[in-house]
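> Which chain is which? The protein sequence lines are H and U, in order.
So in the working numbering, spot 134 of the first sequence is number 134, and the numbers just go up one at a time.
So in the working numbering, spot 432 of the second sequence is number 432, and the numbers just go up one at a time.
Simulated from the structure, these hints should not be mistaken for lab results.
Treat the hints with care, as some may be off.
[What the hints assert, rightly or not] Covered by chain H, per the in silico footprint, the following chain U stretches (three or more residues, Cβ under 8 Å):
no., segment
1, 402 to 411
2, 431 to 443
3, 562 to 568
[Stated by the list, open to error] Taking lysine to any residue and the SDA-like style, the derived pairs with C-alpha atoms no more than 20 Å apart in a straight line are:
no., chain 1, residue 1, chain 2, residue 2
4, U, K103, U, K153
5, H, K46, U, A548
6, H, K46, U, R542
7, U, K103, U, W27
8, H, K46, U, R547
9, H, K50, U, R549
10, U, K103, U, S24
11, U, K103, U, G152
12, H, K50, U, A548
13, U, K502, U, G263
14, H, K50, U, R547
15, U, K103, U, L20
Even glycine gets a Cβ: it sits at the ideal position worked out from N, Cα and C.
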Amino acid sequence: MFLSLTNVVLALLAAPLLLGVINRTKAFFAGRRGQPLLQAYYDLAKLLRKDAVYSRTTTWVFRAGPVVGLACALTAAALAPLGGARGLISFPCDLILLAYLFGVMRFFTVVAALDTGSSFEGMGASREVQFSALAEPALLLGLAVVARLTGELSLSGMFAALSPAAYAASGPVLALVGVSFLVVVLAENSRIPVDDPNTHLELTMIHEVMVLDHSGPDFAFILYGAALKLWVLGSLLVNVVLPVRTGSAALDLAAALAGMLCLAVLVGVIESCMARVRLLRVPQLLVGAVVVSGLAFVLLLR
Amino acid sequence: MQLTLAGLVILMLSGGASALAGRSAAWSARLGVGGAVAGCILGLIPAVGTLVGGLSLSVRIPWPPPAGRGFELGLDPLSAVFLIPMTLLGALCAVYGAAYLGKGARRASWFHYNTLVASMMAVVLARDAVVFLIAWETMALSSFFLVIHDHGKAQARRAAWLYMVATHLGTAFLLAMFAILCARGSAGFDALARAGAALPAPLATVLFVFALVGFGTKAGFMPFHVWLPEAHPAAPSHVSALMSGIMIKTGIYGLMRVLGFLGAPAPWWGGCLLAVGVTSGVLGVLFALAQHDLKRLLAYHSVENIGIIAIGLGLGYLGLAHGLPAVAALGFAGALLHVVNHAVFKGLLFLGAGAVLHGAGTGELDRLGGLLKRMPGTGAAFLVGAVAICGLPPLNGFVSEFLIYLSAFRGVVSPSAAVVVAGLSGLAGLALIGGLAAACFTKAFGVVFLGEPRTEQAAAAQEAGPAMRWPMAALACLCGAIGIFSPAVLPLLAPAVAVVMKGAPEAATAGLAAAATPLTWIVAAAAVLALLVAALSALRFRLLGARARQAVTWDCGYAAPAPRMQYTASSFAQPLTDLFAPLLRTRREHVPPKGIFPAGTTFATETDDLFQRNLYAPLFRMTGAALAWFRWAQQGRVQLYVLYIALTLLALLLFCVE
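Produce the complete structure using the sequences and hints provided.
Pasting the structure below:
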């Protein structure tokens, strides 16, 4: 219980740090000094103090979007286990609740975007729902593989049952799941090669263009919610790829945290080394992730 | 049971009285609606009693031969699960319909409405094949007359015709199925169950296929769904709500009831239902995405939700066949709860669509927009329905889908390889359906209610009156209530699940117990979510106070954004419809812009039903051509027809003498 609580507090505190690490990595590759590591925290503090401007077109739906989105991300953080510790909320099939909480978050972000009546935000909203519809089966199939492998149905149970020994027994299966999850993490968090979080005025953008009209505390909620989503989905990947079990809870947690930082660096490296895929190719990438998860299952059943 | 019978009688009498009072429209509506509400409430009470108190009632009224042993009705938990949403929706839609039809009511519309409600109740209460088929046919006919309510419109006539053909083809299969079953005993359901248990396997297979086609036509399984997207938009909205919400579920009821007669389920039945479910679910939501008409879109979503129910049923029968009671119980419970939930939220959405039609005069998505400001009550209710139908927590749609997911995951970790694969495909199907449904309903809600009005019609929309808003509010509250009280709702389903699992109450209860802890936790998580939303709203209010300013939408430098710049329904769905273009085969008519100041450029898309165009249209053309050969018999002379009658009588006479 104490560990689970630590986990949640850690997620709440450290999630924006991931953004800083990603940015510093990208700066390193570009030969720049880059922003301070804590830039995301400064941004949040600044935004929370600011005024907001609302379009006359919008209704209460627009104002509800960021609030509901952040509430969902916070609840999801309570579900996600890390480093062998159980999630604060844990029960059989909690993974469905986790996936669908992000579904609620997306639903409200999308309708808030449509509420502005802006063609740009409509475009982003349309792409968001397309890509997430394809990412969801990949995520759930991957989790089903882990469930089959461990015989457990809850996220906490599944990840607690994973250990280096599991890798020795069915390494290729877990590796494939890891690949699939990596694609899901990149797609769901609007990172390259699916989306470019740095630009938001190009016709190609997804998430950033959906939140174009939000300002002040609303935008802070959105940024923080997005950081939490990266943390939660990233923690699923780290749990699969890095099941360190030393017997000491503190060491396990430290290893998992190191894994999260490595993931942030990895995302930074991917963003530096890859170009964004053409939008028409993104579905192929996501269907690829589904196929990889399916392949993992076939290997498991073999 | 007396209450139920009284309800049926009141429904029929008030319907008849309403038709007779047709001269005075106000009295006709008063009689019809009053009778419908009273009859439904009388029917609801014993149904609730059955689920809560565990009653099982039956009544038999002697009936002269050859029609079987008697007019036998019974109320068991399985019937009750269908009866509750039926009576609830029947009453609410009647109240709504009185205001919706207003002066446009036709003389006999309440007669048909009340007959439809009564016959649906009779279908789930019937305990005799003859009574069942009579009720089934009455249901088909009364709904046919309701579909053709606006018979001035060619589209309504076409839809009603298609519905008539489809429903009778379905009934033909049912008739054959019951005939084969009854040939081995009497027509009572108890006798059928005894006779069915001893059926040889090949015959059971044939009967399963007949039941699947016959009941599947009513339920709207792909590819037997073609009547559905035509008939639901053509009917008045309160009738669409009733038909889509609960009438198509009588197909599900029939399937569950009759499969119970056929002895132990063969493993492939479950697999077949699962395949039908995934196909209906995914294709249903895809075709919904491609629609431009609100009611048509909702109709395709019924196909999708029937698919979800079929996935649950498939997992249930697979679990039964492979001796996995937990998988079976959770699958059946999910399917049954989804039946109730879909009645609630699809009823709500169709009533909402009706309010839009009523207030803005059109259901065409791309001619609407910004209605939330003009119709706040309808908009909020529609949003609740949209979130619920996407299966998002904490509303009721999530709970039933969660049960099916739970069943699928239990299948995935089970020892039987067939169930593992089935669980996995159910899982993947549900995930894809969920994502696509979210796309479709953000589109529907966003384009209709958000942004700027796209036409003057939409800008001048009127909010619906209180008699139309209250039923929507009641259904929206139910969406929340079933979600929040799900741990209390689940045990109520156990007796119904036990009926489907052939009276194995321990197995059903034990299987459902697996869902008790998760549901409690989900409610806890929902409470956390609600608290967080409240806290964050308060925080936002504190930070912002009254300092928010108003401006135009910042559309990347456009000084004067116009409503026409908004994303339309077609453009919103275009990436997904393009992705699935080989399935959808959307037709485009495009006149591209020419010159420096282009004028007169148009773009239109139309997505016909895949099966209707590629399967049924050619089939019926061929049938028509073949039947043309018989035209020589139709000479238009009376004496010839008299000769036909005489010859028929002679043949019958000879046959009887044999």
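> None of the hints should be skipped; say for each whether it holds.
Results for each hint:
1. 402 to 411: holds (count 5)
2. 431 to 443: Answer holds; 10 residues pass the 8 Å Cβ test.
3. 562 to 568: Coverage by chain H holds here, the residue count being 4 at a Cβ distance below 8 Å.
4. U:K103 x U:K153: Holds, at about 18 Å.
5. H:K46 x U:A548: holds (16 Å)
6. H:K46 x U:R542: holds (15 Å)
7. U:K103 x U:W27: Holds, at about 12 Å.
8. H:K46 x U:R547: holds (16 Å)
9. H:K50 x U:R549: Holds - the C-alpha atoms of R549 of chain U and K50 of chain H are around 12 Å apart, at most 20 Å.
10. U:K103 x U:S24: holds (11 Å)
11. U:K103 x U:G152: holds (16 Å)
12. H:K50 x U:A548: At roughly 10 Å apart (the allowed maximum being 20 Å), A548 of chain U and K50 of chain H satisfy the hint.
13. U:K502 x U:G263: Holds: K502 of chain U and G263 of chain U sit about 9 Å apart, inside 20 Å.
14. H:K50 x U:R547: Given pair K50 of chain H, R547 of chain U holds - Cα atoms ~9 Å apart, limit 20 Å.
15. U:K103 x U:L20: holds (17 Å)
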